[in-house]
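Note that the protein sequences, when read in sequence, are chains A and B. Letter 37 of the first sequence, counting from 1, is numbered 37 in this note's numbering, and no numbers are missing. Letter 204 of the second sequence, counting from 1, is numbered 204 in this note's numbering, and no numbers are missing.
Treat the hints with care, since some could be wrong.
Sample of chain A residues at the chain B side, in silico, Cβ under 10 Å [to be verified]:
| hint | residue |
| --- | --- |
| 1 | N45 |
| 2 | T48 |
| 3 | G60 |
| 4 | G64 |
| 5 | E88 |
| 6 | L126 |
| 7 | Q128 |
| 8 | A306 |
| 9 | G313 |
| 10 | G314 |
| 11 | F330 |
| 12 | F334 |
| 13 | T355 |
| 14 | A374 |
Distance windows between CB atoms, simulated [to be verified]:
| hint | chain 1 | residue 1 | chain 2 | residue 2 | range |
| --- | --- | --- | --- | --- | --- |
| 15 | A | G325 | B | P165 | 43 to 53 Å |
| 16 | B | I142 | A | D286 | 38 to 48 Å |
| 17 | A | L424 | B | Q276 | 29 to 39 Å |
| 18 | B | R296 | A | A203 | 45 to 55 Å |
| 19 | A | H232 | B | D444 | 51 to 61 Å |
| 20 | B | S149 | A | S299 | 48 to 58 Å |
| 21 | B | P394 | A | D236 | 53 to 63 Å |
The set of hints was computed from the structure by calculation and includes no laboratory data. Cβ coordinates follow ideal geometry from the N, Cα and C atoms, glycine included.
Protein chains: 2
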Amino acid sequence: MKFITHSLSVYSVQSVVSILLSRIIALAIFPAKHLAWRVHIEIVNTGTELLLGNTLNTHGAWLGAELFKLGLRVARQTCVPDGEAIREVLVEALGRADVVLVTGGLGPTSDDLTREITAEVLGLDLVQDAAALASLEAFFAIRERPMASDNLKQVLIPRGALALPNPNGTAPGVYVAGRPQGAIFLLPGPPRELQPMFLAEVAPRLRSLSGVAVPPELLELKFTGVGESDFHQALDAHLAGIPGLEFGYCARLGEVDLRLIGSAAALQQARALAMQHFAPQFVSDDGSSLEQTLLRSLSQRGWTLATAESCSGGLIASRLTDVAGASAVFTHGFVTYSNAAKKELLGVAADILDTHGAVSEPVARQMAEGALTASGADIAVAVTGIAGPSGGSPDKPLGTAWIAVAQRHGATRAWRVFQPRNRLDFKQGVSQAALDGLRQCLLDRRPED
Amino acid sequence: MKFITHSLSVYSVQSVVSILLSRIIALAIFPAKHLAWRVHIEIVNTGTELLLGNTLNTHGAWLGAELFKLGLRVARQTCVPDGEAIREVLVEALGRADVVLVTGGLGPTSDDLTREITAEVLGLDLVQDAAALASLEAFFAIRERPMASDNLKQVLIPRGALALPNPNGTAPGVYVAGRPQGAIFLLPGPPRELQPMFLAEVAPRLRSLSGVAVPPELLELKFTGVGESDFHQALDAHLAGIPGLEFGYCARLGEVDLRLIGSAAALQQARALAMQHFAPQFVSDDGSSLEQTLLRSLSQRGWTLATAESCSGGLIASRLTDVAGASAVFTHGFVTYSNAAKKELLGVAADILDTHGAVSEPVARQMAEGALTASGADIAVAVTGIAGPSGGSPDKPLGTAWIAVAQRHGATRAWRVFQPRNRLDFKQGVSQAALDGLRQCLLDRRPED
Chain A
1 MKFITHSLSV YSVQSVVSIL LSRIIALAIF PAKHLAWRVH IEIVNTGTEL
51 LLGNTLNTHG AWLGAELFKL GLRVARQTCV PDGEAIREVL VEALGRADVV
101 LVTGGLGPTS DDLTREITAE VLGLDLVQDA AALASLEAFF AIRERPMASD
151 NLKQVLIPRG ALALPNPNGT APGVYVAGRP QGAIFLLPGP PRELQPMFLA
201 EVAPRLRSLS GVAVPPELLE LKFTGVGESD FHQALDAHLA GIPGLEFGYC
251 ARLGEVDLRL IGSAAALQQA RALAMQHFAP QFVSDDGSSL EQTLLRSLSQ
301 RGWTLATAES CSGGLIASRL TDVAGASAVF THGFVTYSNA AKKELLGVAA
351 DILDTHGAVS EPVARQMAEG ALTASGADIA VAVTGIAGPS GGSPDKPLGT
401 AWIAVAQRHG ATRAWRVFQP RNRLDFKQGV SQAALDGLRQ CLLDRRPED
Chain B
1 MKFITHSLSV YSVQSVVSIL LSRIIALAIF PAKHLAWRVH IEIVNTGTEL
51 LLGNTLNTHG AWLGAELFKL GLRVARQTCV PDGEAIREVL VEALGRADVV
101 LVTGGLGPTS DDLTREITAE VLGLDLVQDA AALASLEAFF AIRERPMASD
151 NLKQVLIPRG ALALPNPNGT APGVYVAGRP QGAIFLLPGP PRELQPMFLA
201 EVAPRLRSLS GVAVPPELLE LKFTGVGESD FHQALDAHLA GIPGLEFGYC
251 ARLGEVDLRL IGSAAALQQA RALAMQHFAP QFVSDDGSSL EQTLLRSLSQ
301 RGWTLATAES CSGGLIASRL TDVAGASAVF THGFVTYSNA AKKELLGVAA
351 DILDTHGAVS EPVARQMAEG ALTASGADIA VAVTGIAGPS GGSPDKPLGT
401 AWIAVAQRHG ATRAWRVFQP RNRLDFKQGV SQAALDGLRQ CLLDRRPED
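Generate coordinates for the entire structure from the input sequences, incorporating the hints supplied.
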């Protein structure tokens, strides 16, 4: 596909005045901080539903992550309702940015004005794009649906711009090359249309903007059982000293991803540094989740797995079965939410429950061993704890849980965790600790340490 | 708490010039569309992590939904990195808005500059707030942790502004009343701090701005088993005809919330209209989830519940146990992911499995009845299906599932659902259908119809 590099020369007077005014004011009043970015990129999201709380705006995070992989960063993201509001924002963004990514407003309804307003702001006519029209007609033909005439406005493209193919929807994207104003990409709003289009059409064009002759490499290391602040303290100063390395963290409950961008040598150095401090917490370097990594390890041994859950209420089983192919390893899950179920399904002894209570080391051990016996699996994990909001006591406060791992060959291990969080975060945190405990047992580590 | 209404009179010359310039240019170049809003509200999010793809920005959707409940709408949302970038955005937003809600940048680190830059833009000194200092000291005392001196900057408040208590963190919020510039609320970035602070401190102050003598009432009706487009088609034209009614939808997989705002009479009319079309799909009018509604119905009957899951892999159990107090109703969960588990734990007959396959009506029925017997529960639900990505066949394509409900007193019901989606959405959709089937059985409806 041809990369359009010609200049766009026809501008409306009003647009030029307002774009220039914005830029002059921005530079006059504020120190031009943003010029420190290699490439100033802005995202403009249009969509009333994004501002009414109907729909979560995931474009910022998704595009931010993809741009980071290209060595680029977003300087500003703005969201406005459908319709005319995009005009003002677009002029402002073009007054500051080298590249503006606009999402949404490319559809067939009267509120979808992104295409029209962009053309007006740039002083360009809209012309029908023959290739886009052919794709649109094919889209409806394949689905054996008649095409409403409203759809035709979707294949109007500012003169001189490029229509970007949309294999997943009716609205093509638009690329307007960046001279003299910033380059503009118009992208469809639905993530399942936007994301493939960004990867196929936008990323290759942006890569050349990052100003790096050899595109940097990306490495993502996933860790569990350690907090982001531990990484900051142990690594930040050292990582900052590696020439040409960019790094960032992505933390979720019980998990931290370390994202590294740079030359192969820089990545190797950074990886060695991270592993020196956090090897026991390392999960994967290929994006695999803890569940995926664990199931792969078990599968390689030919082992099967059973779960016995009280306070996590089925979340461990559900996380495991989120992974395609889990059925080859995970066979039996017991959600023993009542004491009766613990006795009936797992053979936990009544006197142990009476003496120690359901949230105790001996009950966790009997649950894990009972699950192993009842399922015939090679390894089993059990959790029992107090999720709250009620049920805590001074010696077993809310957030207390016992986890046990039983193995066909080897001693049962049990350990206590304490996660005083809200109910859902507690379930997530305990399930994470249980999956991580399994992982450590497979590595012959002692999760109770 | 005193509501601050005095004017702020000390402005820096640069700030006033730039705020006025922004407003003049905005009004001169663009038709003042936004004056049509009753109150022009903008959200400014600061946080590098929100632009790097590390963290999903949920503030826009959450605040948008809460503001909608107050009869208010967001005209623009802007996100910038931590640090100095907020200065430019704040000046611009104050040039347009009646109310600016700023999130993030109130912490103790050197990147947290929201408080300082706001004071500079407004030309106000920062002064230590005695009440906020006392709260901060108490926060650390309760946790028996020493307070680093960095934290002290968090209790500096622009002179004349109000510190907003933060019971969930160290950084108080800030409220600067709105004369002559727009009112400003500075809120902490973490949702678990921001959300309670908004509800306790911001919403009551904004309510008086909505310009309606009697605040409109809000009604949220939750439905399941029906799509948003069905609502559009059946209701939109009629709802639009009810005077003074505002309405919106919030759709998730298998669920639609209808949000209504208006006078009591308008709400009553809208509710009657919605129920006329979608009574069988109605779940709740008090924000209760399907799980909560179902558990409440069971609890009122004194019934217990068991689950038997194959393709949903524990997700039904996990969703039920997300609800506090689920243990009074939900006692036994079986995740029978292998055929062996279906036979051993639920007594599914080997010849039925061989003849009909695991994904079939007779197996679903035997799973539900087996769960009932093995648990002693009053009602049990079972699901078996093909989640994919592999395992489909022409007569049982990917996305096929059978659901059955068995009851201690009453016939077992079974029905087929077809949800050709990705693995996670399939699990979510099937679990939704199963929970809804239970709900319908309790209402003596036939979910198979």
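Would you pick out the hints that fail for this structure and give their numbers low to high? 6, 7 and 13
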